[in-house]
Structures are given as C-alpha cells and as structure tokens.
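*Asks:* Protein chains in written order, with the working numbering: chain Y, -12 to 226; chain R, 80 to 640.
Calculated from the structure, these hints are not laboratory results. Where is the CB? At the ideal position from N, CA and C, for every residue including glycine. Among the clues, some could well be false.
[Stated by the list, open to error] Straight-line Cα separation of at most 30 Å, DSS-like style, residue types lysine-lysine; simulated pairs:
| # | chain 1 | residue 1 | chain 2 | residue 2 |
| --- | --- | --- | --- | --- |
| 1 | R | Lys297 | Y | Lys115 |
| 2 | R | Lys290 | Y | Lys115 |
| 3 | Y | Lys90 | R | Lys176 |
| 4 | Y | Lys90 | R | Lys637 |
| 5 | Y | Lys159 | Y | Lys210 |
| 6 | Y | Lys139 | R | Lys493 |
| 7 | R | Lys637 | Y | Lys54 |
| 8 | Y | Lys115 | Y | Lys54 |
| 9 | Y | Lys226 | Y | Lys139 |
| 10 | Y | Lys163 | Y | Lys139 |
| 11 | R | Lys493 | Y | Lys115 |
| 12 | R | Lys391 | Y | Lys93 |
| 13 | Y | Lys226 | Y | Lys216 |
| 14 | R | Lys637 | Y | Lys139 |
| 15 | Y | Lys(-3) | R | Lys637 |
| 16 | R | Lys176 | R | Lys257 |
| 17 | R | Lys174 | R | Lys290 |
| 18 | R | Lys257 | Y | Lys139 |
| 19 | Y | Lys163 | Y | Lys210 |
| 20 | Y | Lys193 | R | Lys637 |
| 21 | Y | Lys(-3) | R | Lys174 |
| 22 | R | Lys266 | Y | Lys115 |
| 23 | Y | Lys193 | Y | Lys93 |
| 24 | Y | Lys54 | R | Lys493 |
| 25 | R | Lys266 | Y | Lys90 |
| 26 | R | Lys493 | Y | Lys93 |
| 27 | R | Lys90 | Y | Lys115 |
| 28 | R | Lys391 | R | Lys90 |
| 29 | R | Lys176 | Y | Lys115 |
[To be verified] Residues from chain R that face chain Y, not an exhaustive set, calculated with beta carbons under 7 Å:
| # | residue |
| --- | --- |
| 30 | Lys176 |
| 31 | Glu177 |
| 32 | Pro488 |
| 33 | His492 |
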Amino acid sequence: MIRLVHLTKKFGSLTAVDDVSIEVKPGEFYGFLGPNGAGKTTTIKMMTGLFASTSGSIFINGFDVQKYPLEAKLSIGYVPDYPFLYEKLTGREFLFFSGGLYKMNKDSLRRRIDELIDHFAIGSWIDKRTEDYSQGMCQRIVIASALLHDPKVIIIDEPMVGLDPHSAHIIKQTLKQKTHDGASVFMSTHSLPVVEELCDRVGIIKDGRLIFEDTMDALEAFKRRIDGKFESVFLELTK
Amino acid sequence: MTEILHILRYKILSFIKVNIDWHFESAVKNVGSFLVYTGFSIGTFFFTRGLIAFLLEEVHIGQFLLHRFISMLLYVFFLSVNVGNIIVSYSTLYKSKEVVYLLTAPVSHTNLFVIKFLDNFFYSSTTLFLIGLCALLGYGSYFQHSWTFYVWAMMLLFIPFMLLAAAVGVIMLMGLMKIAGRIGARKVIIGLGSAYVLSIYAFFRFTNPMKLVNEVMKYYPNLNQYFGYLDPPFSRFLPNHWAAEVLYWTGMHNGTMALPYLYVLLGLCALSCVGAVLLARRWYYPTWLASLDLRARRAATSEGGGIFSMAKNSMLGHQTEVLFKKEFWQFFRDPSQYIHLSVMALLMAIFVGSMMQLRTIQVNPLLQTISYLVIFLFNAFLIASISVRFVYPLISIEGESFWKIRSAPISLHKVAGLKFALAWSATFVIGQLLNALSSRPLGLASILWLSSASNTAFITLAMVGLSFGGGSFFATYHENNPIRVASSQGASLTFLLSLLYLVFLVSVLFIPVNRYFESVFTGASLATSGIVTGVVTVGSVSFIIAGLSYVLSIRSLKRDF
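Next up, chain Y with everything else stripped away, as it sits in the complex (with noise of 0.2 Å):
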C-alpha cells in the first residue's frame, strides 16, 4: 500500500511537485499521468528514496520513506524511466546482484531467476554483458529485477519504453497479474491506451499539482461529456 500525504518537492525557487496526495491500496493499480515537466518522475524518485522531499511524507506499507528507508524499500520493485544496468555485468550477474540487495536466498533466487527469464523470453542475451543490449532488452532485464523479490509495491516509470508488442504484452499480464495477487502497482506513463487497459485509478499532474484523480469509471463517465476519448480528456485537463 502506497501513502503520499502532502508531499512537496522543491528545487530552489522551482516547486516540482506541489502538495500531492495519494493513495493505492492494497491490489489497486494506478495510472499516474501528466505532460512532460509535470513532476511524474519526480514523485516517483521521492518514493523510491532517490530524491529527498521538500516536505511531506511517503508511506510505503506503513514504513515512512524518509524515517525508516529500509524497511519501505524492501517491499519495493522498482523500474526506472531508463533501464541503466552495469555495463559490465551480464544480465544474470545484474539480477544475482539485484537478488541479494533484497537478501534473497542464494537457491531460491537461483530459480527464480530461471522463472524470469523464460517468462519475459531473454533467452541467451542473459549471459552477455549488459553493455551489448538493445533498450528493449535492458528494459527486460529491469522488469525481472523488480519482480525477482516478489514486492507488495511496484514502482513504475514509463514501463513500455523499448518493448516490441510482444513484451509489451507479457509485461501488462504480469503487473495486471500482481495486483491480482495483492501488490499495489504505481504507473507513471504517457501511453494512455495501456491506463485504459490496465489502471483501476488514474492520478494526472500538472505543473507539480495534482489536478484529476479518480477511478476509471468516473474518468468513463468524464470521456463521455466530452468525446468518447481519454486523449481529449487529457488534453481538456492539462490545457
């Protein structure tokens, strides 16, 4: 479960993200939208403990982000706007080291390590180093390491990035399938299509303040007021 409680972020005289308040319970998913600049991935970087915020608080399960790090982290998977690995690991080094930052089980990583490559098909790319990957396949391998730990909160910036339809298409059953499970999935995206598909809520930002939230059957009553299409709702509400 996913807690921001009026969560600032400034730089300097700049306010990134304004007063933002929301909440993903438990098997929600949420689709966190906004034009570029508006503070998604800003948002999301306080929520992983990359960014410091301003004022505010993030509660990840119950652990405040900023007071207790590690207990919040570890129920965390993360998947960043870009799929930067260490270049000189290959993919199966990258998810033994992403495996044993959450202390996994040197056995039980072992095979789930195994479960994830069949699953999102990386096949003989995993024993080349990383620096040889196309972004498709760095995106992959990222997505397999924010799963390996089985995280009760998943994190996302910009998931499709680099993925042909196929993946693509793995990728939605998985997070789809996770909420299902129980965990909370936080998506930030500009792929409006995929919220359709996947979001039980959905969160639009502009200019560091959060200006709609609600569940995707007010945003269906919202689309029909205007055009039938969540891109005219986009554009109406970020004018």
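Since chain Y is already given, all that's left is putting chain R on it; use the hints.
*Replies:* Leaving out everything else, chain R in the frame of chain Y:
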C-alpha cells in the same frame, strides 16, 4: 574549419554552464579549488626553484647532469602522457555517445576526430599544464630568465611536447584498432603492454643513469661543461632529450645550439598532428566500425566463474557479497582499469628494483635524512596517485545504474564502507610492499622501519579517505569512464590536497628523523621519542582526515540522485 569551430563553441559553452554555477555550495567549491590550485602552484614554483638550487649549489651536480635528470623525468612524463592518451582516447574516440550522435549528423569524420582529439587533450591536460607552467616558472626564476622565456618555453616547448605525446598516442591507437580487427583485441593489448615495458626497461638500461653520474662526477668540481659525448646515441633521437637540450642551451645563453632541437621538436609535433589528421581521414571511421565489430564479436561471456561467481554462495552476507563481486567484475572487465593498474604496478616495480640496487653510505645525517624522506615521500606520492586514479572514481563509475543500489534496502553506510574497505585494503598492501622493498637499501634500524611502516599505513588511510571523500563529493554519474573521472577538476583538487598532506608529512617528520640520524652519527643516546611523536601525529591527523572524508562521502551519497 567552420564546422569544428561551431561544435567547439557549443562544447565550450556547455562546459562553462556546467562548471560556472552561482549557487553558494558551488561557489564555495570553486573558491576552495582556486585557493588550493593557487597554493599548489606557489608550492610547485618554490619546490622546483628550491630543488634546482639544492642540486646545483649544495650537491653541485652541474648543469649538464641537472638537465639529464630533467630529460629522464621528461621521458617518463612523455610515456605517461602517451599511454594515458591512448587509454583515454579509446573511450573518447570509440565509445563516446557524442561520437555516435555526431556521426549521424553531416559532420566529416576528420573534423569529428579533430574535435574529439582536442577535447581529450585539453580535458586530461589541465593539471599537467598547471604543473608544467609552475615548474617552468620555478626553473626560469632560478636562472633569472626574462618573461619572454616563459612565453616561448610554454608555447613552443612544453605544449608541443605534450601534443607530440598525445598525437603519437592517437596514431598508435588507430593503428592498434586496425590490427585488433585482424588479430583480436587481447593480443593487441598484450603486445602494447609488452612494448611499453620494454621501452621503459630499454631506456633506463641503455641510458644507465648511474653510469652517467659516475662518469660526469670524475670531473668534479668542473662540472659546468658539456658532456654530450657521454649520452648514448639513441637518446639523441628522443623528444625528451631535445626538450632538455633546449633548456640546457638556453640556460647557457647559447640560443644557436638550442634552436635546432627546438625546430626538430616543433617539426615533429606538427608532423605528428598533421599525420594524425591525415590518418584519421582514412582510418578513423573504419576503425570506429571495427571497434563495434570487436564488441559484437566478443564471445558470449559465460557467467564469471570461480569464487567470484554471482551464483556461488559465500561466507559473506548477501548484500556484502554481491556488492563485493560487482566491484570485482566491474574492475577486471574494464581494460582501462586493469591495464592502467598493470602499468602503474610496472612503474612501481621499476622504482623498487632501482632502489634495491642502491648502496648507501652513512656519512652525513642530513643526507641520510633527505634520502630517507625522499624515498618515503615518493612512496607516499605513489600511494596518492593510485588513490586518485582508482579510489576517486569509485562512486562516479556506479554511473546512472546507481539507481539500483539507491532504491534498494541497503544502508549507504554499508555501500560506502565496503568500497572504502576494499580500496584501503588494496592500497594498504601496495603501500606496505613499497615501503618494505624501497626502504631495504637504507638499512634502517627497526625503530625507523617500524615508524615508516606505521606511517605508510596511516598515509594510505588518509589518501584513500581524501580520494573517496573527494570522489563522492564531486561524483559525476553521467561520466563513468574512470580515467576521465580521475582526470577531472575534482580529482585534480583532491590530488592537490593529497600533496598538501605530503607537505604536512615532511614538516612533521623532518626534525625527528634528522635528530635520530644525528644521534646515531654522534653515538649519543638514540633520539626515538620524536619518531614516536611523529607517528602519533601522522596517525591522528590521518584518522581525522579519513573520518571527515567518510562523513563527507555519506552526506554526498545522500544527495538527490
């Protein structure tokens, strides 16, 4: 030309925007850097001037020997710049993302090469320029040269000398890339390494500095004559010899003798630069493609085996184990790391080998003190160099992938602590080996040997601390080439602070060591209390430096990523 200037203009603009920042923290950093650079410049000036005065007025080695020593230093300097440029140029010319971008733009390959060559040369040479300028000022002021000397010596001697080393390096690199395409990268690297080892060995074997000194000293005290006939024939074809000869004849106020060497040096520099550009016109793009091909052809690396395999269990905790193994593979799979380490190890081995052949005669306590401190300080200098080169980049080379660790449930103290411990352990071993082997010829009494071993341990702590702290504070995650990181402004500042620490060492150790040698010489009761006090002082200050640096590291690591 317009194209080159256009691209260079934007590179300079972006450099200025990145480095000139009016925020308080950055202003403090910049002012601090300025003060340290200024202090170091002044120190280099006085050190050079003082050393020349000492060698000529106290030891009376004469101008000829002085300039032969300068020639030897310049040879090592030339090779360092040459090897360094080959290694850095490989990244700049063949792995840089900027090259990939510019290749997709309508920029000629030759112009692209020129831009990247200049980028590489100036990026990695700023500190060397400063050191060279200050040393030149110290040298010139001793001989009371006019201001014109400094201008032409810098513009027509020092810079062309470095440019020659860099141009030759880049030509060699393109040739090596061509060959590597046929015979494989590994054989080329081994061949190159062997060639450098042989060239250093051959230079010192055939120049035989000790023999030269002995031959010249036969004419003592009439040493201010020209002994050029004693030079081995091949040395006259080396750029370091020409540069030293220019300085020598200028000092003798004989410009007529200096000019031919200057012309040869300038001519060869111009030829090398033009040659590099002409070669790049034919070879740069094909070798760039070959570098892609080499990477693609590299056989699928099976998971690193042995005890460092990620899949194998170990006695370490899960997090410690994977962090340690990651560091191991990151280092030993990066040729720029292990090759450079091998080169430094070789240079240290040569130094130690030379030291072990020394025979010291205990005549003068002051000379004994100086001998002891010079060797000790040189060891400390080597430790500082290793620390800046390999420890300073430790945080930066995490690169953008650091998100994985930063978002993982692992304490930053554990991450920093492990990196620090690994760095210190390796440097400690190197430091102790250096100390043990280089101190043997001095025939030190156990108290002195023990104190130098202890001080060396403290020095490694301080140097590793400074480099780790500096590397964390000035971390640049978008630049994960360790050599470029170790050549950055932050690294230079850290190195200068390390050198300040060396000055502190001299100030603390000189008097007690001198008193000790005097007490041995006069047969009085041994003055050991000062030695012990010196060790305690060095140890205390080193721990403080390491502690403060560690705190700085943690604070820096907690910054927004």
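*Asks:* All hints, please: hold or fail.
*Replies:* Hints, one by one, checked against the model:
no., hint, verdict
1, R:Lys297 to Y:Lys115, "violated (64 Å)"
2, R:Lys290 to Y:Lys115, "violated (54 Å)"
3, Y:Lys90 to R:Lys176, "violated (35 Å)"
4, Y:Lys90 to R:Lys637, "holds (22 Å)"
5, Y:Lys159 to Y:Lys210, "holds (23 Å)"
6, Y:Lys139 to R:Lys493, "holds (25 Å)"
7, R:Lys637 to Y:Lys54, "holds (13 Å)"
8, Y:Lys115 to Y:Lys54, "violated (39 Å)"
9, Y:Lys226 to Y:Lys139, "violated (35 Å)"
10, Y:Lys163 to Y:Lys139, "holds (13 Å)"
11, R:Lys493 to Y:Lys115, "holds (29 Å)"
12, R:Lys391 to Y:Lys93, "holds (8 Å)"
13, Y:Lys226 to Y:Lys216, "holds (16 Å)"
14, R:Lys637 to Y:Lys139, "holds (25 Å)"
15, Y:Lys(-3) to R:Lys637, "holds (16 Å)"
16, R:Lys176 to R:Lys257, "holds (21 Å)"
17, R:Lys174 to R:Lys290, "violated (46 Å)"
18, R:Lys257 to Y:Lys139, "violated (53 Å)"
19, Y:Lys163 to Y:Lys210, "holds (23 Å)"
20, Y:Lys193 to R:Lys637, "holds (28 Å)"
21, Y:Lys(-3) to R:Lys174, "violated (36 Å)"
22, R:Lys266 to Y:Lys115, "holds (22 Å)"
23, Y:Lys193 to Y:Lys93, "violated (44 Å)"
24, Y:Lys54 to R:Lys493, "holds (17 Å)"
25, R:Lys266 to Y:Lys90, "violated (40 Å)"
26, R:Lys493 to Y:Lys93, "holds (20 Å)"
27, R:Lys90 to Y:Lys115, "violated (35 Å)"
28, R:Lys391 to R:Lys90, "violated (46 Å)"
29, R:Lys176 to Y:Lys115, "holds (21 Å)"
30, Lys176, "violated (12 Å)"
31, Glu177, "violated (17 Å)"
32, Pro488, "holds (4 Å)"
33, His492, "violated (11 Å)"
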